[in-house]
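Sequence lines, in order, name chains V and G. With numbering that gives the first Met the number 0 applied, the first sequence covers 0 to 555. With numbering that gives the first Met the number 0 applied, the second sequence covers 0 to 348.
Errors might be hidden in some of the hints.
With beta-carbon atoms standing in for the labels, derived distance ranges [said to hold, decoys possible]:
id	chain 1	residue 1	chain 2	residue 2	range
1	V	L279	G	L117	47 to 55 Å
2	G	P113	V	E511	42 to 50 Å
3	V	R329	G	K307	32 to 40 Å
4	V	I387	G	R125	41 to 49 Å
5	G	P340	V	L239	46 to 54 Å
6	V	F27	G	K6	38 to 46 Å
As a list, the in silico DSSO-like pairs of lysine-lysine whose alpha-carbon atoms are at most 30 Å apart [stated by the list, open to error]:
id	chain 1	residue 1	chain 2	residue 2
7	V	K448	G	K297
8	G	K297	G	K278
9	V	K402	G	K89
Hints are computed from structural coordinates only; laboratory data are not their basis. Being a predicted model, the structure only gives us computed values, none of them experimental. Beta carbons are placed, not taken as given, at the ideal position from N, Cα and C, and that holds for glycine.
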Amino acid sequence: MKLLKPKRIYPPILPGPREWPVVRLSKFRKEFILEVIKESVQNVKSIATSKQKIIEEIETTLYREKMRIKQNPWRVDPEDEHSFWEHVKQQLIVAEQHDDAEQLLENTIKEIITRYANEIAGNFKPTSYRLARAVVTFGFARLLNAAGGSFWSDRLALADKVEVSGEVEQIRKLAQIGTVLMVPTHFSNLDSVLIGWIIQYLGLPPFIYGAGLNLFNIRIFAYFMNSLGAYKVDRRKKNLLYLETLKVYSSLALRYGCHSLFFPGGTRSRSGALEERLKLGLLGTAFEAQRINLENNSHNGSGKIFVVPVVINYHFVLEAPILITDFLRRTGQGRFYTESDEFSTSYKILKFIIKFFFKGSKVSLSIGKGLDLFGNYVDDNGVSLNKIGHEIDIREYFLSNGKINSDKQRENEYTRRLSNIIVTEFHRINKVFSSHLVAYVAFEMLRHKFEKLDLYNLLRLPEEEHIIPYDQFKYSCDLLRSNIFDLHKKGEIDYAPHLEGDIEKIIKHGMENVGMYHAKRPLLRNKAGNITSEDLSLLYYYHNRLTGYSFENFIR
Amino acid sequence: MKISFDKPVGVVGAGGFGTVVANILSANAQVYLYARKPQVVEQMITSGFSHGQKLKPGVTPTGDLQMMADQCEILFPVVPSSAFRESIKKLAPFLHPYHILIHGTKGLDIKLSPGKSLDDYTQLTREQVLTMSEVIQEETDVLRVGCLAGPNLAKEIADNQPAATVVASRFEEVIQLGQKLLRNDMFQVYGNQDLIGIELCGVLKNIIAIASGALSGLGLGENARALLISRGMVEMIHLGVALGGNTKAFLGLAGIGDLVATCTSTLSRNYTVGYRMAKGENLDDIISSMEEVAEGVKTIKITKKLVKYYKIRAPITEMTYKVLFENLSADDALQYLMKYPFNVDIDFL
Chain V
0 MKLLKPKRIY PPILPGPREW PVVRLSKFRK EFILEVIKES VQNVKSIATS KQKIIEEIET
60 TLYREKMRIK QNPWRVDPED EHSFWEHVKQ QLIVAEQHDD AEQLLENTIK EIITRYANEI
120 AGNFKPTSYR LARAVVTFGF ARLLNAAGGS FWSDRLALAD KVEVSGEVEQ IRKLAQIGTV
180 LMVPTHFSNL DSVLIGWIIQ YLGLPPFIYG AGLNLFNIRI FAYFMNSLGA YKVDRRKKNL
240 LYLETLKVYS SLALRYGCHS LFFPGGTRSR SGALEERLKL GLLGTAFEAQ RINLENNSHN
300 GSGKIFVVPV VINYHFVLEA PILITDFLRR TGQGRFYTES DEFSTSYKIL KFIIKFFFKG
360 SKVSLSIGKG LDLFGNYVDD NGVSLNKIGH EIDIREYFLS NGKINSDKQR ENEYTRRLSN
420 IIVTEFHRIN KVFSSHLVAY VAFEMLRHKF EKLDLYNLLR LPEEEHIIPY DQFKYSCDLL
480 RSNIFDLHKK GEIDYAPHLE GDIEKIIKHG MENVGMYHAK RPLLRNKAGN ITSEDLSLLY
540 YYHNRLTGYS FENFIR
Chain G
0 MKISFDKPVG VVGAGGFGTV VANILSANAQ VYLYARKPQV VEQMITSGFS HGQKLKPGVT
60 PTGDLQMMAD QCEILFPVVP SSAFRESIKK LAPFLHPYHI LIHGTKGLDI KLSPGKSLDD
120 YTQLTREQVL TMSEVIQEET DVLRVGCLAG PNLAKEIADN QPAATVVASR FEEVIQLGQK
180 LLRNDMFQVY GNQDLIGIEL CGVLKNIIAI ASGALSGLGL GENARALLIS RGMVEMIHLG
240 VALGGNTKAF LGLAGIGDLV ATCTSTLSRN YTVGYRMAKG ENLDDIISSM EEVAEGVKTI
300 KITKKLVKYY KIRAPITEMT YKVLFENLSA DDALQYLMKY PFNVDIDFL
């Protein structure tokens, strides 16, 4: 076991929990939820403008909820679901029979939204936050101790596993000036735990974030999430009432100054590639929150929202087999089927976490430069700067005829644009690992060798077919690496420090690390010393981390 | 006269089309018409005319970009593509995120390495070629961008004949403002959200217009022209989709509408280039004798290089290129195209 390097320790930017926005939020939880309900009802009413439309929305919601209860029940679902929706049904029947049922319908909407708002709302308690934080840091440290680490180095231990780089000082400053909206890439369920840890490691107050309700099925996660300021997002519910409530919740929390975290890709990347398309719904709420903040403050600066992209890189993603299978099944339209197991029980996760810390698998977390919602970089004082470094007043993006006005379509368009900018930033701060390099080169060489085969046939090649002579492999790795270095100089990609030095060592390092704990290794050397794979789908998964840079042109 | 906009609007570029746009706008707002050269501004003020068109009473010529940007929230750049980036750069320091820019330029911009010219490249990628809205977004802080495109032969509009245009923007508010500002009894305005598609319609149709002029120069009739227009349309769609537009845009007023107008009108500059080439004149002579730029000449050069990179089948573009720049006779180009194995009529839907 190598010695733990003493790493920088970041003091908290706010002295005590009393000042944390999320604590203030939980203190006024009741009022906050009431506000969410009020605004959501208003929004729904402004979308469904006639009695007929309101009835339609409630009917659709009712129908979908009944289907969900029947077809896809989860352990976290409350027990009174059936009776609640039966009650809604009765009210609908009454409303349809009476002409003057507007009030009844509004009440029904309010009841549904109240239910949703309470379900979504997080239940942050500073005491359990501290406990959970202690469990994360101390618990992980104990695991490390089991591996022979130093006994008292609780948070240094994780800090040694996780390499944090990028604009650390800036995010700390921005969190004191305005509201930070952190947008990380999403590869593994471990991401939320890591981000939770990194937030406190950097001395930032807790962030609130929308975690998939399915994660609350897993007890160990449910505990952490509840205490780390998570609110619940149920992806099974796609009805207007639910989505509006969720958006209002997120928007209001931002307006309250709660630092927030969105995984903008929505779910974990199935293909292993950096997100190319982001979910716009929650991201869009930031624009509304920003506009309302600007309307409420006559001075620019306070209430400003800063977007901070974060890329997490792994040598090994536990869920890779199931993710890539899912991806291939979706894109291959039934041409590709394999069996796989799910990352679904507390036991499996614990086993993984133990593996993760017992064996040395590094994780890197790159923190990008802060942006305003319009993709302008901000300086350390939170001032937006345009491409030539001139100050921009973001209020002006919301102006029409000299006044701030609400224009949904405009904000949707801004959201779409911001999502493209975030994707570009992801690519810029993405850190190439040795394992990504070897996986990319090996897969592209095979693809080139069998260029007549489509992806699905390529993945089904028998094992003896996919052997790559080591010398050619080494040559291509070297070539790709120098291309990565060139691109890095242009600021379009980043790489881990271990990528420098003797290429043979790097190849060895990469081969050892790429998907190291999978039952079938994506990449290994055979007896003759040549490169082969036990699982091409997994190789494809790890390879995908470097797609989107047009590197394929360099591999022959 | 009733003016519905309380703030003035600006037109950047006092060429033939810029002047038309200014005159149309003047029915609904006070208009500043900017010209770069002081003597042109002076001449507009003293004569009351610009490019043979009488300036309407609400149009004020100016040479002061800053004043215009300060007073107007909505600006219409109508500058030839070769000068577009420079003009926008000059305007940029005075622009804010609240500005709205709707351009009327039907050309492309290219980003080349320092010290290189377009002729140094055999192929170009989409990253190197920008539409005018992309130039605006690159050079300024303005996000709310749109374009004007459609069969808008300046002279006919100046004569107050019925016509229509398309305002394209990803922003609904830009489309609506454009419609409110430009609409009058003789001028219809349609909206479209496919900004890139509509820009490409206006750009790519100029290639076909040159080819159409060449057909006339060869003395050919309407069967041949109909053949060219319909096949040219298919070619435009293939190119346009490869460059980021949607097929639908090409089927509307800015696509087929503009294509028919420019391919059949002797008023079209691009058509005139093709016509005179087929009559045996030399390209340099033609260009130097024309009062305003025929965008199609540069567009063909750029498109040819894009075609090469993206391996798109675009025989009309390639043959027209050869006629313009490689001394192929229009007759031989026609022979080649007639032998070309097109066999599917519609392959883009």
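Evaluation of the provided hints:
1. L279/V <-> L117/G: 47 to 55 Å: With Cβ atoms ~38 Å apart, the hint is violated.
2. P113/G <-> E511/V: 42 to 50 Å: holds (44 Å)
3. R329/V <-> K307/G: 32 to 40 Å: holds (35 Å)
4. I387/V <-> R125/G: 41 to 49 Å: Violated, since I387/V and R125/G (Cβ atoms, about 25 Å apart) do not stay within the stated range.
5. P340/G <-> L239/V: 46 to 54 Å: Distance hint for P340/G, L239/V holds at roughly 53 Å.
6. F27/V <-> K6/G: 38 to 46 Å: Given range 38 to 46 Å: holds, Cβ gap about 43 Å.
7. K448/V <-> K297/G: violated (41 Å)
8. K297/G <-> K278/G: Holds - the C-alpha atoms of K278/G and K297/G are around 21 Å apart, at most 30 Å.
9. K402/V <-> K89/G: Measuring from Cα to Cα gives roughly 27 Å; hence the hint holds.
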